[in-house]
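Visitor: Each chain, written out:
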Amino acid sequence: MNEKIAQIEKKMLKDLEEVKDLKSLEKVRIAYLGKKSMLAELMKSIKDLSPEKKREYGPLVNALRASMQDKIAQKNDYFEDNFNALSEWIDVTAPGQRVTRGHLHPLTIVQRDIEKIFTTMGFVIADGPEIETEFFNFDAVNMPDNHPARDMQDTFWIHAEKNVRHVLRTHTSNVQVRYMQEHTPPFRMIVPGRVFRQEATDASHEHTFHQFETLVVGKSISVANFLHIAESFFSQFFHAEIKIRVRPSYFPFVEPGFEFDISCTNCEGSGCSTCQRTGWIEVGGAGMVHQNVFLAAGYEKNKYTGFAWGFGLERLAMMRYKIDDIRHFHGGDIRFATQF
Amino acid sequence: MQYSYNWLKEISQTKKTAEEIAQLLLVHSFEVEELRDQRKGREDVVIGHVLQIASHPDADKLQIATVDVGEEKLQIVCGAPNLQKNQKVPVALVGAKLPNGLKIKKAKIRGIESRGMICAPDELDLGSENGGIMILKEDAPIGELFTTYKKLDDTILEIDVLPNRGHDALSHYGMAREIAMLEGRILNESHRQQQKYTQGIPVKILTPTCSRYCAISLSDIKIEPSPQWLQDKLTALGHNAINNVVDITNYIMLLTGQPIHAFQANFAPQITIRQAEKNEKVTLLDDTQLTLSKNDLLITDGKNPIALAGIMGGKSSAISNKTKEITLEIAHFDARTIRATKSRHNLHTDAAYRFERDIDPNLVDVAAFHAIKMFTEITGAKVKSITDIYPQESQVKKWSIALPHKEIEKILGTQIDQTYVQSILKNLDITLTQKNDVYLCHIPTIRRDLQSPEDLIEEIGRVYGYDKIKPKPLKEPVTIPHHNAQREYENHTKDLFVAEGYSEIKSYSYYAKNDAKQVGLNGKHITVLNPMSSEQEYMRRTLAVGILKSAAKNNSFTEESKLFEVGRFYIPSTSQKLPQEKMMLGLAYTKKSNRISHFHTLKGSIENFLTEQGLHNHYFSDDIPNDLTDAIIFHPTRQAFIRLDNNTICGVIGEIPKRTAKYFGIKNAQTIYAEIDLAVIEKAAKSNTGYQPLPKYPAVTRDLSMRVGKHTRVADIERTLSASAGNLLSDINLFDLYENKKNGERSMAFHILFQSQKKTLTADEVDVLIKKMILAVEKIADVEVKKI
Numbered sequence: 000m001n002e003k004i005a006q007i008e009k010k011m012l013k014d015l016e017e018v019k020d021l022k023s024l025e026k027v028r029i030a031y032l033g034k035k036s037m038l039a040e041l042m043k044s045i046k047d048l049s050p051e052k053k054r055e056y057g058p059l060v061n062a063l064r065a066s067m068q069d070k071i072a073q074k075n076d077y078f079e080d081n082f083n084a085l086s087e088w089i090d091v092t093a094p095g096q097r098v099t100r101g102h103l104h105p106l107t108i109v110q111r112d113i114e115k116i117f118t119t120m121g122f123v124i125a126d127g128p129e130i131e132t133e134f135f136n137f138d139a140v141n142m143p144d145n146h147p148a149r150d151m152q153d154t155f156w157i158h159a160e161k162n163v164r165h166v167l168r169t170h171t172s173n174v175q176v177r178y179m180q181e182h183t184p185p186f187r188m189i190v191p192g193r194v195f196r197q198e199a200t201d202a203s204h205e206h207t208f209h210q211f212e213t214l215v216v217g218k219s220i221s222v223a224n225f226l227h228i229a230e231s232f233f234s235q236f237f238h239a240e241i242k243i244r245v246r247p248s249y250f251p252f253v254e255p256g257f258e259f260d261i262s263c264t265n266c267e268g269s270g271c272s273t274c275q276r277t278g279w280i281e282v283g284g285a286g287m288v289h290q291n292v293f294l295a296a297g298y299e300k301n302k303y304t305g306f307a308w309g310f311g312l313e314r315l316a317m318m319r320y321k322i323d324d325i326r327h328f329h330g331g332d333i334r335f336a337t338q339f
Numbered sequence: 000m001q002y003s004y005n006w007l008k009e010i011s012q013t014k015k016t017a018e019e020i021a022q023l024l025l026v027h028s029f030e031v032e033e034l035r036d037q038r039k040g041r042e043d044v045v046i047g048h049v050l051q052i053a054s055h056p057d058a059d060k061l062q063i064a065t066v067d068v069g070e071e072k073l074q075i076v077c078g079a080p081n082l083q084k085n086q087k088v089p090v091a092l093v094g095a096k097l098p099n100g101l102k103i104k105k106a107k108i109r110g111i112e113s114r115g116m117i118c119a120p121d122e123l124d125l126g127s128e129n130g131g132i133m134i135l136k137e138d139a140p141i142g143e144l145f146t147t148y149k150k151l152d153d154t155i156l157e158i159d160v161l162p163n164r165g166h167d168a169l170s171h172y173g174m175a176r177e178i179a180m181l182e183g184r185i186l187n188e189s190h191r192q193q194q195k196y197t198q199g200i201p202v203k204i205l206t207p208t209c210s211r212y213c214a215i216s217l218s219d220i221k222i223e224p225s226p227q228w229l230q231d232k233l234t235a236l237g238h239n240a241i242n243n244v245v246d247i248t249n250y251i252m253l254l255t256g257q258p259i260h261a262f263q264a265n266f267a268p269q270i271t272i273r274q275a276e277k278n279e280k281v282t283l284l285d286d287t288q289l290t291l292s293k294n295d296l297l298i299t300d301g302k303n304p305i306a307l308a309g310i311m312g313g314k315s316s317a318i319s320n321k322t323k324e325i326t327l328e329i330a331h332f333d334a335r336t337i338r339a340t341k342s343r344h345n346l347h348t349d350a351a352y353r354f355e356r357d358i359d360p361n362l363v364d365v366a367a368f369h370a371i372k373m374f375t376e377i378t379g380a381k382v383k384s385i386t387d388i389y390p391q392e393s394q395v396k397k398w399s400i401a402l403p404h405k406e407i408e409k410i411l412g413t414q415i416d417q418t419y420v421q422s423i424l425k426n427l428d429i430t431l432t433q434k435n436d437v438y439l440c441h442i443p444t445i446r447r448d449l450q451s452p453e454d455l456i457e458e459i460g461r462v463y464g465y466d467k468i469k470p471k472p473l474k475e476p477v478t479i480p481h482h483n484a485q486r487e488y489e490n491h492t493k494d495l496f497v498a499e500g501y502s503e504i505k506s507y508s509y510y511a512k513n514d515a516k517q518v519g520l521n522g523k524h525i526t527v528l529n530p531m532s533s534e535q536e537y538m539r540r541t542l543a544v545g546i547l548k549s550a551a552k553n554n555s556f557t558e559e560s561k562l563f564e565v566g567r568f569y570i571p572s573t574s575q576k577l578p579q580e581k582m583m584l585g586l587a588y589t590k591k592s593n594r595i596s597h598f599h600t601l602k603g604s605i606e607n608f609l610t611e612q613g614l615h616n617h618y619f620s621d622d623i624p625n626d627l628t629d630a631i632i633f634h635p636t637r638q639a640f641i642r643l644d645n646n647t648i649c650g651v652i653g654e655i656p657k658r659t660a661k662y663f664g665i666k667n668a669q670t671i672y673a674e675i676d677l678a679v680i681e682k683a684a685k686s687n688t689g690y691q692p693l694p695k696y697p698a699v700t701r702d703l704s705m706r707v708g709k710h711t712r713v714a715d716i717e718r719t720l721s722a723s724a725g726n727l728l729s730d731i732n733l734f735d736l737y738e739n740k741k742n743g744e745r746s747m748a749f750h751i752l753f754q755s756q757k758k759t760l761t762a763d764e765v766d767v768l769i770k771k772m773i774l775a776v777e778k779i780a781d782v783e784v785k786k787i
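Protein chains in written order, with numbering that gives the first Met the number 0: chain A, 0 to 339; chain B, 0 to 787.
None of these hints come from the bench; they were simulated from the model.
Just so you know, not all the hints are guaranteed correct.
Claimed, not checked - DSS-like mimics (lysine-lysine), calculated; alpha carbons at most 25 Å apart, straight line: (1) K218/A - K469/B; (2) K302/A - K434/B; (3) K523/B - K576/B; (4) K474/B - K552/B; (5) K474/B - K302/A; (6) K115/A - K552/B; (7) K302/A - K552/B; (8) K242/A - K467/B; (9) K405/B - K218/A.
As the structure is a prediction and not an experimental result, all values here were calculated from the model.
Please build the complete structure, drawing on both the sequences and the hints.
Guide: Structure, rendered in structure tokens:
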């Protein structure tokens, strides 16, 4: 019996040595540990032995099986941990498999940023119609018929029934009185949206563009409040400390009215080609809401004060991304949109 | 308007440089768009004396001049026909860079060396080229700098006067008044004609749109060129010098802001101002013939028009070189009338530019004073008579505004000293009476824009300096803003399609009539009354036009493009009310391969989108009526309605027909287009569909494969299978669809999943169900389940 055990062990060790891969290892495993293996026969033959013999050989056979299992496991680990450097080589520099990604339009990205900043400052996002009555686009914001300011905004007129004409809104200010009619101050709101001007296009002019309107109304809103909101917004938007400069200007729906500049985002005010060496970049118009606008909204005269300001989304996007031609925004060229 | 720095300095007594004035105005008043130093570009131009002229050996039109420029004698090749020996001429030396950008270099012209250039007026930006080089007076000192000789020592400021300040600031007096005010002074006010005359030629005002008319009759006029200083001044400010009469009227307008017109006196023996008759004709100075309406205002000789009031004089009464007597008109007309006439007839003149900005009728006195002075001094004219009719005089006087001090501080948001406010108002020539903390302000008639307390607060704010106001946070309580659900939905939609590989575009809100027709929208559109091009005729009723144009553009450089747009379209209203604006989603998948239909590529993305909204029961149906008009035309057998249920269509999808694709410029490619009404989806979307417990027992999967007829639809099979399976069926998935190109036979294979929430299903239970399903599905014509 002893002899038989030793023989099996010796043969197996020899066979195991010749094993070259996992496949031949499995053959060895079946041959020595399988149901029909010599070891299985040996285990079977033990059953027929006397109790003393069983006690003598049993542990020996079990030890042999354990040792065989162990050796095969070791061999198995060896093969699993080792690999063929040549046949299993891959080119890690080849491009990865990518799902084609779509892209948001840059104006959407900029608009979202702006909306997020204003929302955190407690502003409501409002919307209004793009085709508008003459009243809300002009009269309500203190631009009555024959007002010279109507000339400042070249208007697309829309045919409606029975000699009534509407306009393609020339600014987002059309929403000012619409919103005020529905709400009682104090409030803070913004209106982003598409506006239209009947003018020829070039690298810096478009007949279709987007504006952003801000309106804050309360019991004692001041120029100082406007400066604070404007500074906070632009600093957030450009992730820099932005200063605001206010200059006198004229818009019929505000009094006092101003144009506002921000400190140049490129040179931080020291003067460069972006700001034409002035250190300032003209961004938009603003002012204290004209009492006539409050009257148009049905508010009592002199009960409230407020500020309104507006600027072009395209202009901010052009500043942020250094885009040199406004016509790209509506050009529909996917090579433009996919850069953002 | 262009302003002369020297002139502003003389009137305002400022000590500031032109640059300092520009900065001062920028911060407190107006933007200065340009500063133009007259010396610039003319630094290296000197006075030369033409000593000799010889003809050029190789060119008929060229001559060789020897010019003495003081320090040396230069040989210059010149092509001017008026070049003559002994002339004094401006010579640009080698190295000069002229106002038009021309650099003067030593050159050989047709083989002859030329050192410098003899200049024409336009080359020095001093008027238009007229017949050759500029010829100077005989006594011009040789070698002297041209700018010194011509007294070109001014700086021209191009100032952008705000629309509400046109009435007081579009003149040198006006701008000097502004500068002095900013420096804390009141301008030493100009002289005025004090006396009122009514005894001159008869003047009748028959309309309220003329508030004042002053006619000054002058005799013994000799029409001739103006003195050089006057010509130079006008030229520098962009006006052509014409003759002494016209030049003086222009000069006074630039000085005071008041337009003046000169008639030949014998054509205006009497003057009547009236509205025009309907269809009345007038011929203007520049030979323009106009047909007028009742809203136009005329100056007549009692009968016939002699001028279109406030805009331009008439041809018939125009002065000529022989004129000896003239009548000067210094008047005031209604701003709206002038503006309307100007726009109606498209006449942009300096006079109209000022009248439409509602100048002060009292300016007439200032202009009359200067007119009388200059005409007598310069032309030797004698004042024959003056008539000054001023019907609205009683209405044009100072008005008062009560301004509480606390209002100023409230609106500006800063504390400001009362004495400071008083001095600002005083420097604005506003007289003050103060009661407690309220200023009662008496406004001078020149400042017609100051009508309300806010107008005054603006004056105080800008003079005080907005830069001195410290930013202050809002004090009003912040409430959490209502969210804009529609915007969030748009954003969500955009993000989902970006994840599907689609890129966002934005296209115009209008398109051409023919574009609409080509995509199939033959019905009513909202029309733009004043489009600039045919691309702006119709307000869009589909996003397809913009997206297909973009697809065509991208088609030239990509194999495949995926585009979307979220934007509004506009449904015409049948009443005077505003049209409905709908937020739509347009999608296009374009691929340069026509071998197979790409319908399902786009469909898959839309299915993902709808499923994400919890709209699991959506389906694509081909129940499209044949007689559909005024709808996007698709390939007839490759289109579907996108339905949420039997009653709700949320959109359409289909292959763009070849003819449409070709029209938009999409070549060798197939485009699948879909358009979805976002409001319908938003309304139906289920944002929270609740929680489904995870299965406790394993699912059993069976595959079923079948041959089906040529036009048997997947939906029909799925519906039959699911109807016959009972509630243990948990899912049916098509995993293979094969079409035999030769015989058109199709086969489909489905994964079918059974699952119970209560126990593990046995094979026998599932077999019974499968048999029932096979039985049911084989009842459909042309369906035969393959044996597994």
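Visitor: Look at each hint and say if it fits the structure.
Guide: Taking the hints in turn, this is what the structure says about them:
Between K218/A and K469/B, the direct Cα distance comes to roughly 19 Å. Compliance with the 25 Å bound is thereby established for this hinted pair. Between K302/A and K434/B the alpha-carbon distance is near 23 Å, which keeps this suggested pair within the 25 Å criterion. Taking the CA atoms of K523/B and K576/B, the gap is about 16 Å. The hint holds against a cut of 25 Å. For the suggested pair K474/B and K552/B, the alpha carbons sit about 52 Å apart, so the restraint of at most 25 Å is broken.
Between K474/B and K302/A the alpha-carbon distance is near 17 Å, which keeps this suggested pair within the 25 Å criterion. Between K115/A and K552/B, the direct Cα distance comes to roughly 33 Å. Violation of the 25 Å bound is thereby established for this hinted pair. Under the criterion of a C-alpha separation no larger than 25 Å, the hint pairing K302/A with K552/B is inconsistent with the structure, at around 55 Å. At roughly 13 Å between alpha-carbon atoms, K242/A and K467/B fall within 25 Å of each other, so this suggested pair holds.
Between K405/B and K218/A the CA atoms are separated by roughly 14 Å; this keeps the pair inside 25 Å, and the hint holds.
Comparing the model with each earlier hint shows violations of hints 4, 6, 7; every other hint is respected.
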